[in-house]
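For the sequence shown, counting from 1, position 122 maps to 122 in the UniProt record's numbering; every step adds exactly one.
Don't read these hints as lab results, they were simulated from the structure.
Errors might be hidden in some of the hints.
[Said to hold, decoys possible] In silico lysine-lysine, BS3-like type, Cα no more than 25 Å apart, as pairs: (1) Lys-196 x Lys-359; (2) Lys-76 x Lys-46; (3) Lys-198 x Lys-359.
[To be verified] Distance ranges between label pairs, derived from CB positions: (4) Gly-307 x Thr-147: 52 to 62 Å; (5) Phe-158 x Lys-359: 43 to 53 Å; (6) Gly-122 x Val-408: 55 to 65 Å; (7) Asn-253 x Thr-366: 39 to 49 Å; (8) His-256 x Leu-42: 39 to 49 Å.
For each residue, glycine too, the CB sits at the ideal point set by N, CA and C.
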Amino acid sequence: METFTHFVTRLSSTQLLLITLTLLLYTPTWPSSAAAPQTELLRDFKATPDPSIQTFQSLLADPNGNFSLGFLRVNKTQLALALLHVPSSDPLWLANPAQLARWSDRTTLVFNGSLVLSDPQGRVFWSTHTQGDRVVLLNTSNVQVQTQSSVLWQSFDFPTNILVENQNFTSTMSLVSSNGLYSMRLGNNFMGLYAKFKSGSNSDQIYWRHRAMEVKAEIVEGRGPIYAQVNSDGFLGMYQTGNSAPVDIQPFNTFHRPVNGLRKVRLEPDGNFNGFYWDGSKWVPDFQAISLPCELPSPCGAYGLCGAGNGSCFCLDNRTEFRSGECFPVQNGDFCRSGLGEISNFWVIRRSGVELPYKELMGYQTTSSYGECERVCERNCSCWGAVYNNASGFCYTMDYPIQTLVGVGDESKMGYFKVREGAGRKKMNVGFGVGIGVVCGALVIFVGVAGVWSFRARRRKRGRGGGGVKRFTGQDGGLSPGPYKDLGSASFGSIEMGNNSR
Numbered sequence: 001m002e003t004f005t006h007f008v009t010r011l012s013s014t015q016l017l018l019i020t021l022t023l024l025l026y027t028p029t030w031p032s033s034a035a036a037p038q039t040e041l042l043r044d045f046k047a048t049p050d051p052s053i054q055t056f057q058s059l060l061a062d063p064n065g066n067f068s069l070g071f072l073r074v075n076k077t078q079l080a081l082a083l084l085h086v087p088s089s090d091p092l093w094l095a096n097p098a099q100l101a102r103w104s105d106r107t108t109l110v111f112n113g114s115l116v117l118s119d120p121q122g123r124v125f126w127s128t129h130t131q132g133d134r135v136v137l138l139n140t141s142n143v144q145v146q147t148q149s150s151v152l153w154q155s156f157d158f159p160t161n162i163l164v165e166n167q168n169f170t171s172t173m174s175l176v177s178s179n180g181l182y183s184m185r186l187g188n189n190f191m192g193l194y195a196k197f198k199s200g201s202n203s204d205q206i207y208w209r210h211r212a213m214e215v216k217a218e219i220v221e222g223r224g225p226i227y228a229q230v231n232s233d234g235f236l237g238m239y240q241t242g243n244s245a246p247v248d249i250q251p252f253n254t255f256h257r258p259v260n261g262l263r264k265v266r267l268e269p270d271g272n273f274n275g276f277y278w279d280g281s282k283w284v285p286d287f288q289a290i291s292l293p294c295e296l297p298s299p300c301g302a303y304g305l306c307g308a309g310n311g312s313c314f315c316l317d318n319r320t321e322f323r324s325g326e327c328f329p330v331q332n333g334d335f336c337r338s339g340l341g342e343i344s345n346f347w348v349i350r351r352s353g354v355e356l357p358y359k360e361l362m363g364y365q366t367t368s369s370y371g372e373c374e375r376v377c378e379r380n381c382s383c384w385g386a387v388y389n390n391a392s393g394f395c396y397t398m399d400y401p402i403q404t405l406v407g408v409g410d411e412s413k414m415g416y417f418k419v420r421e422g423a424g425r426k427k428m429n430v431g432f433g434v435g436i437g438v439v440c441g442a443l444v445i446f447v448g449v450a451g452v453w454s455f456r457a458r459r460r461k462r463g464r465g466g467g468g469v470k471r472f473t474g475q476d477g478g479l480s481p482g483p484y485k486d487l488g489s490a491s492f493g494s495i496e497m498g499n500n501s502r
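Construct the entire structure; sequences and hints are all you get.
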């Protein structure tokens, strides 16, 4: 037994030696699919997108491996320099959201003191415009360009649509939703959400505002601007520069409850402002600025109507069916004919029982009647619509394309809405079209039956008359000259349609 054991041991050692030599001499060296991310980028660093990578190419990692800076593939052919939360693969920050590069080996990211994303044609998509020594990614998710003694640039100063915990959000910054329609900014003593309903306009419509409650500390005029921060204790706080006590607290669901994962708030594509925390496997909702769907800036799209009771979507024009998330195509501009001082053609929807979801944040004027309120808008080529409250006499005018209105039971709240000529005429309600078809079909059948009956009657008459055939002459076929009621001025329940061509 002892001899056998010694033999097996020697044989195993010999086999191990042969296997080791074989691997060293004959096994080829396989290239790695992607280089491991670095913990810092020094001068003369250069990287290009790897064509074989389909989602994200990591270039720089934080010390704990929770965050990574690299190339994010967008719509298969485009590239964004992005910071990812590695456990969830969710982007927390984009360097170039408004100017994406191409996913091509000719696109380059270099660090020459400045971190620069460019292409060979000299087009610069994004740059830090610095003269630093290195780029590092901190375990807070903050990307920094540093010298030996100072921080020249950091991603925390240029947020996109997300704030993470302990990141300061100042009055010079803004969060912008991924679709570019909504933004979050700070005022002197409040936090506000704004909508860009009219492209090219510098005046955004505020639709949500939270004023600082000033319970633990007061805002002192002249002491400095306010800033916001997601606190690890489970709240979104507002502070005044130089004061550690918050002037306002918006508590999360986990207020004063410790969580192990990262906290963040995000401005959503629908205009809401939501908070989350990472529980180790998923993002858990923890905060919501706007809780009711009808209070969002445009939940049912252009010319939509949101049912206040259940949040269901309809159309202001009930001849139009709500489908595919819209009633009419999105419109832009105004009704002013350039240089002519005239108003371009439009048609009108009038509806009662409607109001604006954010009327408390809008300006208004007082008029004596709904008719006067309507005329104020009708004569103004920049006005798209008006909503009148008969009880207060307040007339709210909109200088942007019509968005979603809220349906209410009060018929004294009336709306007047312009629609650009030609928009929405082909998108009639299916039931309305079917009804017209049924009527036309019934008319054809009636005419056919009447014709057959008439033909048989004439034959019977000829048979009884026994003589020549009596000839009948009639007028040319066609519609009578009228009068007809214009479909554009028909009334449908609480909706009145009208033409206003200028």
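Verification of the hints:
1. Of the pairs offered as hints, the one joining Lys-196 and Lys-359 holds, with about 16 Å between alpha carbons and a cut-off of 25 Å not exceeded.
2. For the given pair, Lys-76 sits about 22 Å from Lys-46 by alpha-carbon distance, which is consistent with the 25 Å threshold.
3. A C-alpha spacing of about 18 Å is found between Lys-198 and Lys-359, which places the hinted pair at or below 25 Å, so the restraint holds.
4. In this structure, Gly-307 and Thr-147 meet the distance hint of 52 to 62 Å, their C-beta atoms being roughly 59 Å apart.
5. One distance hint, 43 to 53 Å for the beta-carbon pair Phe-158 and Lys-359, is violated here, with the actual separation near 34 Å.
6. With their beta carbons about 57 Å apart, Gly-122 and Val-408 fall inside the hinted range of 55 to 65 Å.
7. For Asn-253 and Thr-366, the Cβ-Cβ distance of about 42 Å falls inside the hinted range of 39 to 49 Å, so the restraint holds.
8. Checking the proposed 39 to 49 Å range against His-256 and Leu-42 shows it holds: the Cβ atoms sit about 43 Å from each other.
In terms of the numbered hints stated before, the structure departs from hint 5 and from no other.
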